[in-house]
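J.: Let's have the full structure, built from the sequences with the hints guiding it.
These protein sequence lines are chains A, B, C and D, in that order. Under my numbering, think of the first position of the first sequence as 25, with each following residue one higher. Under my numbering, think of the first position of the second sequence as 8, with each following residue one higher. Under my numbering, think of the first position of the third sequence as 12, with each following residue one higher. Under my numbering, think of the first position of the fourth sequence as 118, with each following residue one higher.
Hints should not be assumed to be uniformly reliable.
[Claimed, not checked] Here are the simulated lysine-lysine pairs, DSS-like style, with alpha carbons at most 30 Å apart: (1) 195/D <-> 76/C; (2) 226/D <-> 194/D; (3) 122/A <-> 136/D; (4) 198/D <-> 121/C; (5) 136/D <-> 195/D; (6) 121/C <-> 200/D.
[As the list claims (entries may be wrong)] Chain D residues, not near chain A, derived (Cβ > 10 Å throughout): (7) 121; (8) 122; (9) 123; (10) 128; (11) 139; (12) 145; (13) 153; (14) 155; (15) 158; (16) 195; (17) 199; (18) 204; (19) 207; (20) 212; (21) 216.
Rather than coming from a laboratory, the hints here were simulated on the basis of the structure. Where a beta carbon is used, it is the ideal one built from N, C-alpha and C, also for glycine.
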Amino acid sequence: MKFAIQVNEGPYQHQASDTAFQFAKAAIENGHEIMRVFFYHDGVNNASRFTLPPQDDRHVVNNWASLNIKDADGEPELVVCIAAALRRGMLDESEATKNSIEGNNLHPAFRISGLGQLIEAGIQSDRLVVFGD
Amino acid sequence: MLHTVNKSSFERNSLQTCLNTIDDSSVILFIEDGVINAANNTKSSMIADLATQGRVFALQGDVEARGISSKLADNIKLVDYAGFVDLVVKHGTAVSWV
Amino acid sequence: MATKKFMYLNRRSSFGTVYAIESLEVVLIAAAFEQDVSLAFMDDGVYQIVEGQNSDGIGMKNFSKTFHALGDYDINKLYVSKESLEERGLTESDLMPLVYEDEDDDWAEKPSIKIVTNDELTAIMSEQDVCLSF
Amino acid sequence: MAQICGADVDEEGFLVNLKDWTREIAIEMGKSDEIDLENEEAELYSERWEVLNLLRDYFEEYQIAPAVRVLTKAVGKKLGKDKGNSKYLYTLFPYGPGKQGCKFAGLPKPTGCI
Numbered sequence: 025m026k027f028a029i030q031v032n033e034g035p036y037q038h039q040a041s042d043t044a045f046q047f048a049k050a051a052i053e054n055g056h057e058i059m060r061v062f063f064y065h066d067g068v069n070n071a072s073r074f075t076l077p078p079q080d081d082r083h084v085v086n087n088w089a090s091l092n093i094k095d096a097d098g099e100p101e102l103v104v105c106i107a108a109a110l111r112r113g114m115l116d117e118s119e120a121t122k123n124s125i126e127g128n129n130l131h132p133a134f135r136i137s138g139l140g141q142l143i144e145a146g147i148q149s150d151r152l153v154v155f156g157d
Numbered sequence: 008m009l010h011t012v013n014k015s016s017f018e019r020n021s022l023q024t025c026l027n028t029i030d031d032s033s034v035i036l037f038i039e040d041g042v043i044n045a046a047n048n049t050k051s052s053m054i055a056d057l058a059t060q061g062r063v064f065a066l067q068g069d070v071e072a073r074g075i076s077s078k079l080a081d082n083i084k085l086v087d088y089a090g091f092v093d094l095v096v097k098h099g100t101a102v103s104w105v
Numbered sequence: 012m013a014t015k016k017f018m019y020l021n022r023r024s025s026f027g028t029v030y031a032i033e034s035l036e037v038v039l040i041a042a043a044f045e046q047d048v049s050l051a052f053m054d055d056g057v058y059q060i061v062e063g064q065n066s067d068g069i070g071m072k073n074f075s076k077t078f079h080a081l082g083d084y085d086i087n088k089l090y091v092s093k094e095s096l097e098e099r100g101l102t103e104s105d106l107m108p109l110v111y112e113d114e115d116d117d118w119a120e121k122p123s124i125k126i127v128t129n130d131e132l133t134a135i136m137s138e139q140d141v142c143l144s145f
Numbered sequence: 118m119a120q121i122c123g124a125d126v127d128e129e130g131f132l133v134n135l136k137d138w139t140r141e142i143a144i145e146m147g148k149s150d151e152i153d154l155e156n157e158e159a160e161l162y163s164e165r166w167e168v169l170n171l172l173r174d175y176f177e178e179y180q181i182a183p184a185v186r187v188l189t190k191a192v193g194k195k196l197g198k199d200k201g202n203s204k205y206l207y208t209l210f211p212y213g214p215g216k217q218g219c220k221f222a223g224l225p226k227p228t229g230c231i
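T.: Printed below as a string of structure tokens:
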């Protein structure tokens, strides 16, 4: 079965992204497809490559990256909402350049895109599951 | 439908609102702090009937993490993450009561 | 593209958290996908559409005005929980008069808001393909 | 950051602070797109301002920049049926009535940019 996941909360603040990750992992291990994970609200913070948890804690961002969720063309399907991301200072190289900001913090396993990607995921998946607060 | 609830009824009314709008064929899964609703406490009567019908589940990892494995209310079924996935597959549209 | 039934569950008031405004942002984008969209307002979510919101004093944008645009975006199914209103001492007259123009009825102006009981809401929810919670 | 008449604009030429908008800014933005919003005798001058004013009114009323199809509908309703089509609006704003129109009118980028 084809799943889509929406994650609404940031890592470490709320369990939502951990639960979503465990769900996605279990789905993949049981032969299902995660066609897209869409990060919205503070969920966009799951994509920061600057995340440095202490050694005895789980690494939420790397956990997501380890799932290797991509489309047929190899594009990441860990999708960060652009409107929510820009508001919260989550930038990829292209957005940083466009806005004349030095540096960028988006982990390469993720990509930034529009809210339409969430609706499209709802249309194309068999089930969309929301994890939030 | 599968209704997930991730809040304790002592904190928010998510479970009550879920119960107000759940149809006869749907099931409830408690996750995160929602598993507090699966413990035997003064609010257990909220879900007693549904539990008797075998329609109340709780995520095992969250139950154990919160130290309530031995204090579960009657007829609560425990599932792991794979069981969560199966519930979503089996029950159609998933509704999250956050 | 296939048409699915999307429901947006709004259970929190306007300004205390970001969920209300970012929910509305999704709804406006969703309109372009020509899906069957409905919005449910339950619990404190009913406060999102009460008349007379003024956010000048808190330095935040008064996005309650945007609900009036939903009709133009062909989003005209706004279900409001009767029980949630009653619990909060509110009635339909406390809500913004949100309307749409019905293309199939010579563009007659019709109310978008429908007050529904829990049982009616249960039936509506049962038909949905996708439920997004905010 | 680039500026127009002393006001900051982003990489696509939209105002950073919407409160900065003045008629002069709109005129300057027009010049860089080779559209005359200054000279009343210019071709389509009043037609363009009619739509820009409508956009500003729309934003004031609803707090959002309308998607193109919503703008088209609103133009048809307020300015006459013959004007409520995208062909007409593209004649006025060749780079897109949503994008270019909203930029000149000092609105944020329209919702519906997917």
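J.: All the hints need checking, so say for each whether the structure fits it.
T.: Here is how each hint holds up against the structure:
no., hint, verdict
1, 195/D <-> 76/C, "19 Å, holds"
2, 226/D <-> 194/D, "22 Å, holds"
3, 122/A <-> 136/D, "22 Å, holds"
4, 198/D <-> 121/C, "22 Å, holds"
5, 136/D <-> 195/D, "25 Å, holds"
6, 121/C <-> 200/D, "25 Å, holds"
7, 121, "16 Å, holds"
8, 122, "19 Å, holds"
9, 123, "18 Å, holds"
10, 128, "5 Å, violated"
11, 139, "24 Å, holds"
12, 145, "20 Å, holds"
13, 153, "29 Å, holds"
14, 155, "29 Å, holds"
15, 158, "37 Å, holds"
16, 195, "28 Å, holds"
17, 199, "32 Å, holds"
18, 204, "25 Å, holds"
19, 207, "22 Å, holds"
20, 212, "18 Å, holds"
21, 216, "15 Å, holds"
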